[in-house]
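Undergrad: These protein sequences, in sequence, are chains A and B. If you're matching positions, the first sequence starts at 1 in this note's numbering and goes up one per residue. If you're matching positions, the second sequence starts at 1001 in this note's numbering and goes up one per residue.
Worth double-checking, as some hints may not be accurate.
[As the list claims (entries may be wrong)] Simulated pairs of lysine-lysine, BS3-like, Cα-Cα distance not exceeding 25 Å:
hint, chain 1, residue 1, chain 2, residue 2
1, A, Lys276, A, Lys74
2, A, Lys30, B, Lys1113
3, B, Lys1134, A, Lys30
[Said to hold, decoys possible] Example chain B residues on the side facing chain A (calculated, C-beta under 10 Å, incomplete):
hint, residue
4, Asn1073
5, Val1075
6, Gly1080
7, Gln1084
8, Gln1103
9, Ala1278
10, Leu1281
11, Ile1285
Simulated from the structure, these hints should not be mistaken for lab results. For clarity, every value in this text was computed on a predicted model and none was experimentally measured. Even for Gly, the Cβ is constructed at its ideal location relative to N, Cα and C.
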Amino acid sequence: MTTLTDTAPHAPAPRGGIAGSIADSLVVTKRNLIRMTRIPEMVVFGLVQPVMFVILFSFVFGGSLNIGGSTDPKAYREFLMAGIFAQTVTFATAGAGAGIADDMSKGLVDRFRSLPMARGAVLTGRTLADLVQTTLTVVVLAVVGLLVGWRIHEGIPKALGAFALLLLLGYAFSWIGALIGLSVRTPEAATSGGLIWLFPVTFVSNAFVDPEQMASWIRPIAEWNPFSATVQACRELFGNPGVVQSDAWPMQHPVWASLLWSLVIIAVFRTLAVRKYRSASA
Amino acid sequence: MPGAIHAEGLVKTFGDVTALDGVDLDVPEGTVLGLLGPNGAGKTTTVRVLTTLLRPDRGTATVAGIDVLAHPNEVRRSIGLSGQFAAVDEYLTGRENLQMVGQLYQMDSRAAKRRAGELLDRFHLADAADRPAKTYSGGMRRRLDLAAALVVSPPVMFMDEPTTGLDPRNRQALWEVIKELVSGGTTLLLTTQYLEEADHLAHDIAVVDHGKVIARGTSDQLKARTGGERVEVVVHERAAVAPAREVLARYGPGDRGLDDVSVEDHTRKLTVPVTGGAKLLAEVIRDLDAVGIEIDDIGLRRPTLDDVFISLTGHAAAREREEDGEERPPARGRKHRKEPAA
C-alpha cells in the first residue's frame, strides 16, 4: 500500500484568490493547447476558412462592389481585410463552444468540478487557449492579405492597436461560445449553435458593404453592431478605405466603441458562463 | 459521532422525475459502503450530491466532517472521485492527465510530475505513460481514472460503478487495487449494479431503489433477511418429479405441505427451504434413494444478493439495466460510451 496512500501528498494549502485563479487557468490553458497540437487538423481547418474567404471575396466580388466611389478591385481588397479579420476572430466562438460541450459530454467537467480549483478556471483556460489559436490565425491571414494587396498605411503602432482590438473582440466572443457550449448537449450542436447567429452579426455590419447601401431600418443596427465598431476601428488604424461616414457614435469613435463593446461582452458573458458552470450538471 | 460520509433526507427531482426521495446514509471512517441498485435507482445522483457536483433540493450531508452544501470547496480537497465514465482527457497522455490533476490540487509542477510517475508505475501504466489516453484499452482508462482520483491521498473516495463494462480479468485487477486502498484506511463509497461486487468489496451494503434506501446491513445480514438455505434437487426423469416432491416436502417448514417445494418442470428442478445445513443433504439423498428416485444433481444453496434484491424489490437487479437515464438529469444527455473489453 506504499504508493497509493503513504507517499501521496496531501493537497497543499489552497492558493486562493486571484493568484490561484490565474494559476489554475494557466494549467487548463496548457491542457487545451496540448490538445490542439494533438488534433492539428482542427487548427488547419481554422486557417483554411478565412484564407478561402479572402480569395473568394477578392477575386469573385472584388470588381463589382463600389468602395468610396471606386470600383478598383485593389481598393476592395484593402477594404475587405478588416471585415475578414473581424469575422475570423469571432469564429473563435464555435471553437470555445465545441470544446466546452465536449468536456461536458465526456465527463471531464465532472472531474474538474470535483477538484478544489478556481471556479472560472476551466472556462478561462478554454478561452485563453482559443485566443492563442486566434492569434495564429490572424498572423496567417495578415500574410495572405499582404499577398493579395492589402497594406498598412498608418504605421506599425496603430496597426498593432488594431490587432489588439481584434483579439479582444475574439476573446469576448469566445465567452459567448463558452456559454453556448455549457447550454447545449453535444459538441456538434455547439459548433452550429456557435456559428449560425454569427452570419447575421457579421453581415449586418460594415464588414463587406457600406451600411449606406442598406435599408434605412437596418442601417442603425449595422452601425451599432459591436462587430462594426471593431471593423471601423481597424480601417481607421490600418488606413484602409471604406471608413463609414455616419453620425452614429460608434462610427465616430470606433476605437472606444470597440473597446467598450468587447469589455461589456466579456463582463456579461463571463458572469453568465461561470454561473452556469457552477450549477452545470452533465 | 457521524461517519466519514453522512447524509440525511437527500431529495432531488429533475422535472417530474424524483431521482432521490429521502436518502439517508452513514459510512463510518475506514469502511466501505456498497450502494447497490439498478440503473435509475439514484446511485449516481447520490454520488453527485456527495461530491458537490449537484445541489440537492432538500437534505443535508457531510463528508469528512465538512458540510457539503456550505463548504463545497473544502469537501473537494478531501475527496477523490472516480466516475462511471472514465473522465480523462483522451488527447492528453496518461502522464499529462495526472500532472494536470496534481497541479489543479495546487501541487507545484515538480511534485505533480513525481506523483504522476509513482501512480503510473503503481497502476501498470508506465509503458503507456506517454501515449495519448485515447489509445488506451477500457481497463487502462479505468486505471488512469482511478489514479487521477488518488493524486492526493483523499481520506474519502467515491467510485461510481468502477468496473462497469470491464472484462472479468480487468474487474479482478481493479478489485485488488480497491482492496489495497481500503486497507490503507480510506473510507469508500462504491456504487455498483453487480451484487457480486458489493459482496466482495463492501463492509456494508445499502440497497437503493426508486431514490430510497430500502435495506441496509452487511451482506450476511441481508442474506439472512431473505431466509436461510435451500436444498435444490434435479431429478433424472420427469416422472420422478412428483414423488420427489413428496419426499422433499418432509424437509420443508411444513406449513404449506407440498407447496413448500417449488418445482421447475422443464429443468426437473425442485427447491425447498430448509434448516439444518449440510448434514441434511445426506438424509435427503438417502430418502430419495429409498423410493428409487435417481438424481442428476443436489446441492445446498445459500441466498445470493440477487435473491435479496428480488425479495426486497420484487424485481431482479438487472431489470432496468437497459433503461438508462433516470439517473441522469433528463435535461442533459450524456454520451454513454460503451467500453470495449480490454
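Undergrad: Next step is simple, just say for each hint if it's right about the structure.
TA: Checked hints:
no., hint, in the structure
1, A/Lys276 with A/Lys74, "47 Å, violated"
2, A/Lys30 with B/Lys1113, "15 Å, holds"
3, B/Lys1134 with A/Lys30, "19 Å, holds"
4, Asn1073, "5 Å, holds"
5, Val1075, "9 Å, holds"
6, Gly1080, "8 Å, holds"
7, Gln1084, "8 Å, holds"
8, Gln1103, "5 Å, holds"
9, Ala1278, "38 Å, violated"
10, Leu1281, "42 Å, violated"
11, Ile1285, "47 Å, violated"
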